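**Q** On the provided structure of chain D, position chain L as indicated by the hints.
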Amino acid sequence: MKQFLKIFKVAFQAINKNRTRSILTMLGIIIGVAAVIMTISAGEGATQQVQDQISGLGTNLLMISTKEEHRGGINVRMGRPIEKKDLDILQKSSVWMSKISPLVAIGAQVIGAAGYVSTTVYGVSNQYFDILSREIVSGNAFTAEDVTTARKFCVIGETIREEIFPGQDPIGRQIRINKVPFTVVGLLKEEGEGTMGQDQDDIVIAPYTTVQNRLFGHRRGYNMIMASALSEDHILDAEIEATELLRESHRILDQDEDDFEITTQIELQEITGNVTGILTIILGAIASISLIVGGIGIMNIMLVSVTERTREIGTRLAIGARESDILTQFLIEAIVLSLTGGILGIILGIIGNQIIFKATGFYIPTVAYSVLIGFGFAVLVGVVFGYFPARKAAKLNPIDALRYE
Amino acid sequence: MPTKKVIETKKVSRVFRNGDIEVHALTDVDLIIEEGEFVALMGASGSGKSTFLNILGCLDQPTSGEYYLDNVHVNKLDKNQLADIRNQKIGFIFQSYNLLSRTTALENVELPLVYDRTGRFSNSKEIAIKALGQVGLQDRIYHKTNELSGGQQQRVAIARALVNDPTLILSDEATGNLDSKASIDIADLFVRLNNKGKTIVMITHEPEIAQFAKRMIYMRDGRILTDEIIKDRSTKESALKDLELTS
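As given, the protein sequences belong to chains D and L, one line each in that order. Counting with the numbering used here, you get residues 18 to 422 for the letters of the first sequence. Counting with the numbering used here, you get residues 414 to 660 for the letters of the second sequence.
Next up, chain D with everything else stripped away, as it sits in the complex:
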C-alpha cells in the first residue's frame, strides 16, 4: 500500500511534467465524450418534442379522408369524395366517436383594418375546437346554430391578428375573406410552431357551411372528417366503426378495398416515431464517428507517449523499479487522464446542451445513457491504450529500453 502511494505520487508528477501531452490526451477524451452526449441528446430531444406535439394535437384524433395515391409524382384522388352523406351517417350512428367535424380548406386573401394577408381558411363545425383542443382566449367560438345557419362568423389565429389588427382587439370587427365579409367572433390561443414547422396561428376558422356556400360557391366534398374517439382506449373501436359506416355509405362490396383512409393519432405517432428514430440513428452514427476519431486520437497520443518514454522506463527499471511498478504508474496515469477528461467531457456536453437551448430554444435533455456510452468508451480507450503499450515497455529488457532512440 505504501508502495502504491509512492507510485501514485510518481504518476501525478509525470502527468504534471508532461502538461501539454496530458492536456492533448484529455482534449481527445473531452471532445469525444461531449460530442456523444450532445448528438445523442439532440436526437432524443427532437423525438420527445415531436411526440409531445402530436399528443398536444388533439385527444384521440381520427382523420377520415379520401384515398390518394402517388402517380407520376402527383397525388391522385382514388376514391369517392367524403361528403355530407358520410358526415350524416357518422353523426347518426356512431357510438365510439364523441365529436365529429368536417373540414374544408381553401387558400384565401383576408383583408382587415391594417392590411391583408394570404392564409388558409378552414371550414369546420363547432366541435372542431374540442377535437383539436384549441382554446379561445378572447371572444367565443361559433355555435352549432351558427353552423346550421351558415353565419359569416370566424375565429382567427394570433398571426393573422398581428397582420390585420396589430395591437387591437379583433372581436366584433369585420374582415373580408376573398371579398366576402365575415365578423371575427373569437381569437385562438397561441400555439406556435407545429410538428412540421408550420405556424399553427396562421389560420382562420369559419363554419364549414359558410365556407362551402360563400367561398366555394357549391362544392359537395370535404377535405376530411375529423373525429375524436370516446377515449384513448376506444380509438381502434372508433376506427373500425368509421370504416364499417363509410363502406356502407360508399356501398363498397365485401371483396373491394376501402376508397378512403383513416389516420389515427396512434398512427401519426408511429410515423413520426419512425422519422425521429431515423434521426436518432443518424445522429448516433455521427456520434460514433466522433467517438472513433476521438478514440484514435487517444490511442495515438498514448502510444506515442509510451514510445517516447521507453528510455524513461528503461532508466526506472535500471534503478530498481519492478515491472509492476512501471505498470501501476502508467495505469494510474491513463486512468487519471481518462477520468478527468471524461468528467470534463460530461460537463462540456451538458453546458453545450444548455447553450443550444439558450440560443435556439430547442430543449435538449441530457440523456443518461449518452453520458454512460460516451464516458465509458472514452475511459476504456484511454485506459486500454495507455496500459498495453506500457505493459509492452515494462516487459522490455532494461538494456533495450535504455538504448531505445
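What the hints contain is simulated information worked out from the structure, not anything from laboratory work. Keep in mind the model is a prediction, meaning the values are calculated, not measured. We treat Cβ as the ideally placed atom computed from N, Cα and C, and that holds for glycine. Any given hint could turn out to be false.
Stated by the list, open to error - Think about it this way: if two alpha-carbon atoms lie no more than 35 angstroms apart in a straight line, the pair counts; the simulated DSBU-like pairs of lysine-lysine are:
#1 K23/D x K649/L
#2 K19/D x K543/L
#3 K538/L x K412/D
#4 K34/D x K627/L
#5 K412/D x K543/L
#6 K627/L x K489/L
#7 K489/L x K26/D
#8 K423/L x K609/L
#9 K489/L x K409/D
#10 K557/L x K409/D
#11 K34/D x K502/L
#12 K418/L x K23/D
#13 K649/L x K417/L
#14 K654/L x K19/D
#15 K23/D x K489/L
#16 K102/D x K196/D
#17 K409/D x K492/L
#18 K19/D x K502/L
#19 K594/L x K418/L
#20 K502/L x K26/D
#21 K19/D x K489/L
#22 K502/L x K543/L
#23 K538/L x K418/L
#24 K23/D x K412/D
#25 K489/L x K502/L
#26 K609/L x K644/L
#27 K489/L x K417/L
#28 K84/D x K102/D
#29 K654/L x K627/L
#30 K418/L x K557/L
#31 K23/D x K423/L
As the list claims (entries may be wrong) - Which residues of chain L face chain D? A few of them, derived with a C-beta cut under 7 angstroms, are:
#32 R499
#33 T517
#34 T531
To be verified - These stretches of chain L come out as covered by chain D in the derived footprint (C-beta under 8 angstroms, 3 or more residues):
#35 484-497
#36 521-528
#37 596-608
**A** Using the frame of chain D, we list chain L on its own:
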C-alpha cells in the same frame, strides 16, 4: 584486514543469438573485485565490456557461468528480485545521464527511493539532499535538469546512484559526453567517493580518465586481456596540468 568480495564471476559467458548467427560477447570471464576497489574497464568497441558491465549491474543475465554480487548468487534470482538487487546494491551511471526531463535535481535523485521496498530510508528528501551535497550540487537542488550543464547533469546522475547507499557503483562511460575539464571533475568525484569506501567499476575509452582508478582491466574479444594495478594514479591537479600542456 579481511576483505569482502563485492563481485565474483566464475566462467561467465554471454552469447547473443541473432537468427542463425551466434555472437560470443563474453567468454569464460573470471573476476574478483573486492570492497573499496576502483576499477577502470577498458577495451575497444565490441570487446564485451558493456555486456560485462550490464551483467555486473544485473541488467542482463549470463548465458553460462556464475555471478555472485555481495555473496548473492544472482543467476538464481527472478525478475523482481533482480530489480530489488539493482535498487539496493547497485548505483548505475550512464553516458547519456538518463535523467527525467523537466524534473528537478532533487526529484531525480529521490527516484530510486520510490522503488525501495526495504523501508530503510525514512526521509527520502533529506537523504537526496545529502547525496546532492556529496556531488557538490547543494545549491542546485531545485533546478530542473534542462537548466543544468552536462557536467552538472552527470553529477545529478551520480547523486542518484549514491542515494540508496549501494555496495557497487557502475559507470558506463560517464564522461563520454563531457569536455575534458568536466571529465576530470567527474573522475575526481569518483576518486573522492572511492576514498570514502565506495566500490566503483567504470567503463571508459579515455586513458587519462582510466588513470584515476586503482586497477585497470583491459578486455578484448570477450576476454580479459590484462588486469593490473595502476602505479602512478592521476589526481585532479596532475590531470589539469597535463591538459594545459597539451592544449
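**Q** Next step is simple, just say for each hint if it's right about the structure.
**A** To see whether the hints hold, each was checked on the structure:
1. K23/D x K649/L: violated (40 angstroms)
2. K19/D x K543/L: holds (23 angstroms)
3. K538/L x K412/D: Holds: K538/L and K412/D sit about 30 angstroms apart, inside 35 angstroms.
4. K34/D x K627/L: violated (41 angstroms)
5. K412/D x K543/L: This hinted pair holds, its Cα atoms lying about 33 angstroms apart.
6. K627/L x K489/L: holds (31 angstroms)
7. K489/L x K26/D: holds (33 angstroms)
8. K423/L x K609/L: holds (29 angstroms)
9. K489/L x K409/D: holds (24 angstroms)
10. K557/L x K409/D: Holds, at roughly 29 angstroms.
11. K34/D x K502/L: Holds, because 29 angstroms separates the two Cα atoms, which is no more than 35 angstroms.
12. K418/L x K23/D: The hint holds at about 34 angstroms.
13. K649/L x K417/L: Between K649/L and K417/L the Cα gap is close to 29 angstroms, so the pair holds against 35 angstroms.
14. K654/L x K19/D: violated (52 angstroms)
15. K23/D x K489/L: Satisfied, since the Cα-Cα distance of roughly 29 angstroms is no more than 35 angstroms.
16. K102/D x K196/D: It holds: about 30 angstroms lies between the C-alpha atoms, which stays within 35 angstroms.
17. K409/D x K492/L: Roughly 15 angstroms between the alpha carbons, so the hint for K409/D and K492/L holds.
18. K19/D x K502/L: Since the Cα atoms of K19/D and K502/L sit roughly 21 angstroms apart, the hinted pair holds (cutoff 35 angstroms).
19. K594/L x K418/L: Status holds; Cα separation ~34 angstroms.
20. K502/L x K26/D: This hinted pair holds, its Cα atoms lying about 24 angstroms apart.
21. K19/D x K489/L: holds (28 angstroms)
22. K502/L x K543/L: holds (18 angstroms)
23. K538/L x K418/L: Distance of about 32 angstroms is within 35 angstroms: holds.
24. K23/D x K412/D: Holds, because 21 angstroms separates the two Cα atoms, which is no more than 35 angstroms.
25. K489/L x K502/L: holds (16 angstroms)
26. K609/L x K644/L: holds (20 angstroms)
27. K489/L x K417/L: holds (21 angstroms)
28. K84/D x K102/D: Judged against 35 angstroms, a Cα distance of about 17 angstroms means the pair holds.
29. K654/L x K627/L: holds (20 angstroms)
30. K418/L x K557/L: Not OK: K418/L and K557/L at ~38 angstroms, beyond 35 angstroms, violated.
31. K23/D x K423/L: Measuring from Cα to Cα gives roughly 38 angstroms; hence the hint is violated.
32. R499: holds (4 angstroms)
33. T517: violated (10 angstroms)
34. T531: violated (11 angstroms)
35. 484-497: holds (count 4)
36. 521-528: holds (count 4)
37. 596-608: With 0 residues in contact (Cβ-Cβ under 8 angstroms with chain D), the coverage given for the segment 596-608 of chain L is violated.
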